[in-house]
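J.: Take these sequences, add in the hints, and give me the full structure.
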Amino acid sequence: MESFWQNIPFFCILLCIASASFTSVLPRRAARALCVAVILAVIVMGVALIGPIVRLGHPYTFMMGHFPAPWGNEIRVGLLEAVMAVVFPSIMLLSLLGGLNRFDEHIFEDKQRFYYVMLELLLAALLAQVYTNDLFTAYVFVEIMTLSACSLITARSKGRTLSAATRYMIMNLMGSGLFLLGLVFLYGMTGHLLMSNIREQVAQLASGGAYRDTLTVTVALMSVALAIKSALFPFHTWLPDAYGYSTPTSSAVLSSLVSKGYIFLLIKIFYRVIGMDVIAETRITDILFVFGLVGIIMGSLSAIREKDIRRMVSFSSVSQIGYIYMGIGMGSEAGMVAAVFHILVHGMAKSMLFLASSGLVQVSGDSKFFRDLRGSGFRNPIAGLAFAVGSFSMVGIPFLGGFISKVYFAKAAMLMPPTAMLIVLLVLAASTILNTIYFLRTVITLYRPAVSEMPYEKPRLSPAFALSMLCLIAVNFGLGTFSQPLIEAIRAGLRMFA
Amino acid sequence: MLEKLLQSPFEAAAIILFGIGFTSLMLQKNMIKKIIGFNMMDSAIYLFLAAKGYIEGRKAPIVVNGVTSVEAYINPIPSGLVLTGIVVSVSVTSLMLALTVRLYRRYHTLDIDEIIALVRKEES
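In order, the protein sequence lines correspond to chains H and W.
Going by the numbering used here, the first sequence opens with residue 1, and the numbers climb by one from there.
Going by the numbering used here, the second sequence opens with residue 1, and the numbers climb by one from there.
Derived by calculation from the structure, the hints in this document are not laboratory data.
Incorrect hints may appear among the rest.
Below 30 Å or equal to it, Euclidean Cα-Cα: the simulated DSSO-like pairs (lysine-lysine) are [claimed, not checked]: (1) 111(H) <-> 411(H); (2) 368(H) <-> 411(H); (3) 52(W) <-> 33(W); (4) 59(W) <-> 4(W); (5) 158(H) <-> 29(W); (6) 121(W) <-> 33(W); (7) 158(H) <-> 368(H); (8) 121(W) <-> 111(H); (9) 121(W) <-> 307(H); (10) 29(W) <-> 121(W); (11) 307(H) <-> 368(H); (12) 4(W) <-> 368(H); (13) 307(H) <-> 411(H); (14) 158(H) <-> 121(W); (15) 33(W) <-> 158(H); (16) 4(W) <-> 52(W).
Bear in mind that the values here come from a model prediction, so they are computed numbers and not experimental data.
T.: See below:
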């Protein structure tokens with residue numbers, strides 16, 4: 001029998017979509033208040049969901065309209081989904097609060113309410129991707145997420161964002177096309193759209209040896225599609241422009257939520273739709289592993305060459321996405337736990353880095369170049385501190401989240417064959433050095449005395465910005481020092497996931 | 001190989017069309033041609049779905065003369081998926097066209113390479 005709390009996931013998605021349509025007719029301030037209230041409500045409901053899930057001890061399925069399995073649409077909630085459904089909206093709320101002080105500068109006043117509409121739709125898409133048990137629903141919400149993400153980029157209207165959004169859309173549409181083709185193949189082979197039903201059929205097909213090549217092609221199509229959308233190394237060309245020029249909230253949301261939503265969907269497809277044993281047979285994880293490793297190094301090398309702080313942080317995302325794919329590519333449970341933990345760590349740290357860099361740029365005559373950013377750490381102390389903490393977390397300094405995820409990646413590598421283990425450890429070491437070079441260089445630049453007394457405007461202290469920065473700094477330390485319960489939750493969640 | 005393709009000509013044609021659409025989305029420089037390529041790619045998938053759902057000699061799954069037997073109709077799910085997919089591709093197309101209009105008003109060209117070059121020049 002269904003309990004009342006089991007309605008929460010569906011209600012969260014519905015709330016976001018419904019309030020998005022109301023937001024579009026509200027005045028600016030009311031729209032902002034509604035958007036913040038909705039995100040807060042989603043967080044509160046997500047937290048309320050965790051307790052019952054832990055007590056229940058196994059995942060439950062929620063039938064939409066009470067149509068049973070092969071016909072109806074389903075939501076499936078386990079511990080991992082519940083954790084993600086708390087973390088993602090929290091990051092979104094903090095990113096929104098941290099970027100609010102730049103809104104009037106970047107977005108036309110009468111267009112701001114549409115920005116909140118897009119945020120709410122993005123949250124709905126994110127939650128639906130986390131919760132849904134139906135592959136076609138996942139595809140539809142992937143598209144909704146792409147559309148709203150594109151609008152978030154173009155919200156700041158200038159040439160650079162328009163061309164960036166166009167390139168973003170072109171790459172993402174190629175990804176969507178490949179994903180849809182893979183989905184259609186899978187439907188053609190199995191005759192199901194619900195993930196659990198597809199998995200039963202796929203297991204039968206794999207044990208009988210039928211459709212082996214088609215299955216490999218399908219898995220490859222879906223992996224490539226989601227790799228394009230989440231900017232794995234060779235497909236990252238759209239990323240620096242899209243993250244580097246949009247308004248800070250958009251950059252933070254895009255880097256720490258949109259790409260992570262696609263990666264979460266990929267993990268879900270691997271575990272729940274195809275099954276890890278079949279995935280291992282197709283050897284697609286090995287390919288993701290190699291591209292992840294190359295991405296880690298190439299992203300860092302590109303970041304070192306950048307003279308623009310926002311683009312440098314963007315290229316560092318390429319490298320961090322490489323870490324996540326390396327963890328997925330290891331194909332072991334330990335690797336996957338590390339990858340999921342790194343999704344959280346990177347989401348928290350990268351959103352903070354984007355917001356902090358915008359705060360620093362603000363006090364440097366709106367220039368994003370390092371030569372003008374000298375001394376900006378003194379001019380905007382809270383942003384300087386946040387940038388330093390985020391950098392240290394990405395480098396992997398102890399007591400911060402990035403350190404823990406690097407430890408878990410290294411531990412997962414120990415379980416691999418010797419050559420692979422050696423390569424992973426070498427890449428981890430090399431990447432730590434490269435990260436140190438460009439992040440430490442930036443932090444030092446921020447605290448060097450300015451070359452000339454440049455006329456910069458005294459920043460108006462924005463309480464929302466300070467609050468968001470302090471929360472993010474606290475969370476980053478929290479991830480580094482009290483990571484154990486979260487790791488345990490992820491491990492238990494992944495076991496429930498399949 | 002060839003007779004396998006001939007067994008399901010619609011599916012084979014759909015995949016070829018998908019390839020054409022995908023490559024034009026990727027390689028064409030003109031924005032409008034890119035959008036046409038995208039539409040071709042999506043339509044190819046809908047053709048594939050429709051071909052998969054069709055059963056020789058049966059009718060579209062709409063009850064008219066009180067015939068409710070399963071044997072009388074084709075599989076309705078692929079048709080439903082095609083409808084949903086069309087809605088998605090219509091909205092994506094409209095967004096892409098809107099972006100193209102804005103780019104054209106600003107740079108007076110539809111060539112994406114030229115636009116990117118102009119954007120870089122504008123910045124420096």
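J.: All hints are to be evaluated individually against the structure, with a verdict given for each.
T.: Each hint tested on the structure:
1. Restraint check for residue 111(H) and residue 411(H): the C-alpha separation of about 49 Å exceeds 30 Å, so the hint is violated.
2. Proposed proximity of residue 368(H) and residue 411(H) is contradicted: the alpha carbons are some 38 Å apart, above 30 Å.
3. Proposed proximity of residue 52(W) and residue 33(W) is supported: the alpha carbons are some 28 Å apart, at most 30 Å.
4. For the given pair, residue 59(W) sits about 26 Å from residue 4(W) by alpha-carbon distance, which is consistent with the 30 Å threshold.
5. With a CA separation close to 21 Å, the supplied pair residue 158(H) and residue 29(W) stays within the 30 Å bound.
6. Taking the CA atoms of residue 121(W) and residue 33(W), the gap is about 25 Å. The hint holds against a cut of 30 Å.
7. Only pairs whose Cα atoms come within 30 Å are accepted, and residue 158(H) paired with residue 368(H) is accepted, the gap being roughly 16 Å.
8. About 28 Å separates the Cα atoms of residue 121(W) and residue 111(H), which keeps this hinted pair within 30 Å; it holds.
9. Under the criterion of a C-alpha separation no larger than 30 Å, the hint pairing residue 121(W) with residue 307(H) is consistent with the structure, at around 17 Å.
10. Proposed proximity of residue 29(W) and residue 121(W) is supported: the alpha carbons are some 19 Å apart, at most 30 Å.
11. Between residue 307(H) and residue 368(H) the alpha-carbon distance is near 8 Å, which keeps this suggested pair within the 30 Å criterion.
12. Restraint check for residue 4(W) and residue 368(H): the C-alpha separation of about 58 Å exceeds 30 Å, so the hint is violated.
13. Our distance criterion of 30 Å between C-alpha atoms is broken by residue 307(H) and residue 411(H), whose separation comes to about 35 Å.
14. As the CA atoms of residue 158(H) and residue 121(W) are separated by approximately 13 Å, the hinted pair is consistent with the 30 Å bound.
15. Distance hint between residue 33(W) and residue 158(H) is fulfilled; the C-alpha atoms sit about 24 Å from each other, no more than 30 Å.
16. Straight-line distance between C-alpha atoms of residue 4(W) and residue 52(W) comes to about 15 Å, which keeps the hinted pair within the 30 Å bound.
Checked against the numbered hints given earlier, the structure breaks hints 1, 2, 12 and 13 and satisfies all the rest.
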